[in-house]
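Participant: Let's have the full structure, built from the sequences with the hints guiding it.
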Amino acid sequence: MSAEDVLVWIVWVVAAFACLGSGIAVVSFSNPFYSALSLIGNLGSLAVLFLLLSAEFVAAAQVLIYAGSVMVMFLFVIAYLGGRVDTPWAGGPSWQAVAAVTAAAALLAEIVLAIGLKAGGRLADQAAIPDNFGSPAQIGRIFLDEHLLAFEITSVVLLVAAVGGVILGTRPEDEDVSGVQP
Amino acid sequence: MTGPNLPAYLLIAGMLFAIGALGVLIRRSPLIILLSLEIMLNGANLALIAFSRHVGNHSGQIFALAVMAVAASEVVIGLGLIVAMARRRLVLDVDLLTTLRG
Amino acid sequence: MTAAAWVCLFSPLAAAALIVAGGMRIPARAAGFLATAAVGVSFAAAIVSLASMLTRSSGDRSETSTLWTWLSAGTFHVGLNVLVDPVSVFMMLVVSGVGCLIVGYSIGYVDAVAEERRYFFYISLFVFSMLLLVEAGNLLILLGGWGLVGLCSYFLIGFEHDRPAAIAAAKKAFIMNAFGDATMALGLFILVQKTNTLDWGPVFQRSQGLSQTVMVLVTLGLLGGALAKSAQLPLQTWLPDAMEGPTPVSALIHAATMVTAGVYLIVRAHPLFELAPKVQDLAAGLGAATILLAGLVALVQTDIKRVIAYSTMSQIGYMFLAAGIGAYANALFHLMTHAFFKALLFLAAGIIIHALAGEQDMRKMGGLRHLFPRTYIAFLAGGLALVAIPTFAGFFSKDSILAAALDAGWYGDILFAAGMLGAFLTGVYTFRMIFIVFEGEPSPFVREHLHQPQRDLPGVAMAIPVAVLAVLATFGGWIQFAPFWTPISDFINPVAAPLVEASNSEEAIASVVGVLLGLAGIGLAWLVYKRHTVTLPAARPWRAVLEHKFYFDELYNYVFYKPADLVARALGTYVERPLIEGSVDEVGEETADLGSRVSALQTGFLRLYVLAIAVGVSLFALLFVIVK
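Chains as they are written, first to last, in this note's numbering: chain W, 60 to 241; chain B, -16 to 85; chain C, 1248 to 1875.
Everything labelled a hint here was simulated from the structure, so no lab data went into it.
These figures come from a predicted structure and were not determined experimentally.
Errors might be hidden in some of the hints.
[Said to hold, decoys possible] One-sided excerpt, in silico: chain B residues whose CB lies under 7 Å from chain C: (1) A4; (2) V7; (3) L8; (4) V77; (5) T81; (6) L83.
Positions of the beta carbon are idealized from the N, C-alpha and C atoms, including for glycine.
Facilitator: As structure tokens, this is what we get:
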């Protein structure tokens, strides 16, 4: 194994652990602030993994959009709402926790089984890729070339979301309090 | 490709997905549930990117970008809902928001 | 010949249709004239039929005519067809002739009654049904006519539908007749299965080879229907109640025509009965028993129409006796004379009842002889004919029957004795009725309520038929005086050969004994009811038995009605309410229950929904892994 390989492996292991660890952290913290910060860490480590997979543009987009704008929005809202404490594993019927863990474990098991059993052989070999694989130029060309429809529809989705956000944000005139009281 | 090959990435992606699912199921605050959803989406994204590299096709990366855009839109709406709930002085606990029932 | 028969059949139906179509637009009396004219046309057509038949030789007088094939199932065909032969022409003449007179009488009797047009519709329909019955060329059409006459009888008995007694009587008549219809239908089923036909000729031929058991069953079925329709033992209880209907209805349906349908059936189906001699003997025996039972019960009746009704029952017993021993022509001859004098008695009684504003209780009458002289003479003529006094109509026919019975072995001798005793009883009850109603002084009731019939149309309409029938009852019997001249027997015998033939000495014996006993009965009635020199012993228990008509009504109530009522109630409580009503209720309740349980899943609990989604996805993935 060459030094390059060793370096790649080390980076991969660190990034993977960071990813998983921050993921668990997101789920485990009671303070939503800490959860959001953990998610930023998760996104960052994912960006590193994307880089290892020759998806430079996607990694950049991840950091810019996800970690940059989406998480900032989250943090704004958390700050606005005043970080209520919400302990995990609490509340709900007694079987909720057990059922949740079982369901999550089942999902994981099935993913592993499905991929392992069905695609076992073909997962080994890799395709050879050109040097500019995943570069912004390539992504841009393909967006406007093969996947133009996806590009346009995505933009429409974003527009709809923006409109929805504006509507949800309008302050209502004398609304009565409905629903369950704390 | 140097470094781990596809199955390792897929394992990470699967575990991320499972962790996100667990988070959705055991947390009561809608904010944290949204965060967990983000984790699930990111797990899927990782799988897409890994396959894209494996097959040598850019489609996976395009798909991942689209997923990111949709995730951003969804976060906007979700946060808007949460803010609206907070404005109405509703308690942010999904166990107590049960008026949509039969 | 058959064309005239079709005209005869459909003329009253056309009148009925016209009356219904006209509805309230035609005057009520016009309905009456229409009905009478239609039945008159039937009578004329029957005469034409007879005339054309007489031009043929006596062996060639049967003809069938089919309008269309009504039912066709493989090799089994039933058509709307008529059979014109001496028996059916004879019946056609009696039905349409007497019917025309009675429908004309009705114009006076139901004059200004509410719903008069409905009466004439029903009675036209009845005449059509009766003609259908007697002209039917196959057993299925006969059964159709059979049921229709029962239906018209129900309508007409219950004509005054505001009176509960009339409605109850109509129901009783219909239900008992329905029992007879059912037994007849069962007999027909067996016949169809064994012979694959219901036309008269082929049925007779093909039943020659059938087993005795089959023939007994078939003829028992037919006999059951005949007993019900003719009010013979044991199905006789409906006839006295049927007197609730208007008097012309009693005359037409329950004296002259419908109740004689049973006799007609036995005469028409005599080849079948001759293949099951035990059943034929049974018919004769039941006829004899009815003669006695009806005669005894008539002795204590107080309603004038009921006396005449029991007398009808008794006289039909004579006809059944005749048909049972095989003296078919005699049975039909007596049917004809009986139609004359019984209709006469009913119509004359109707004049009196009408004048007394509907009163039928004899005890309230008396001394009407001088108030209604002509009606008295007509009534007397009918009574004398009934008791079979010489030269009156009944003499010629009744005694021939009993004479024929003497020729039928030891069983016939028993029947003869019963018939003679019946003749004595007939004398007693008939003249008891005449003396109570007409002799003596007018009762206070009569003085108050009497209003004499006027010389207007209704009065004339009632008087003329009575006069005609009085003439027929007096002189009509001369048409056949066995053994000297016998046109009727000669007419009927080729198609219904008699099994017994009375010798001259037997005729003489029967006539003499019969007349003597009849006169003895009249004498006893004279002593008790006119002279009042003899008073009958009180004999409470015997009197009670007779007044309760030998407890037949009570017996049937206990044997049939009460168990049926119990069963119906039990079914209602244990089956209908819990199972049927309950099951419908339960379906509803279960559905609501299920719905509420399912709705419990909709908790509104978000995490539960997400869990459900996760579980669902896991299951699908598992399925995918396994299947693929």
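Participant: Compare the structure with each hint and give your call.
Facilitator: Now for the hints, and whether the structure bears them out:
1. A4: holds, 6 Å
2. V7: At about 5 Å, which falls below the 7 Å cut-off, the nearest Cβ of chain C leaves the hint on V7 of chain B intact, so it holds.
3. L8: Hint on L8 of chain B: holds, closest Cβ of chain C at ~6 Å, below 7 Å.
4. V77: Holds - the Cβ of V77 of chain B comes within 7 Å of chain C, reaching about 4 Å at its closest.
5. T81: T81 of chain B check passes; min Cβ-Cβ to chain C is 3 Å, inside 7 Å.
6. L83: holds, 5 Å
Violated hints are absent here; each numbered hint is respected by the structure.
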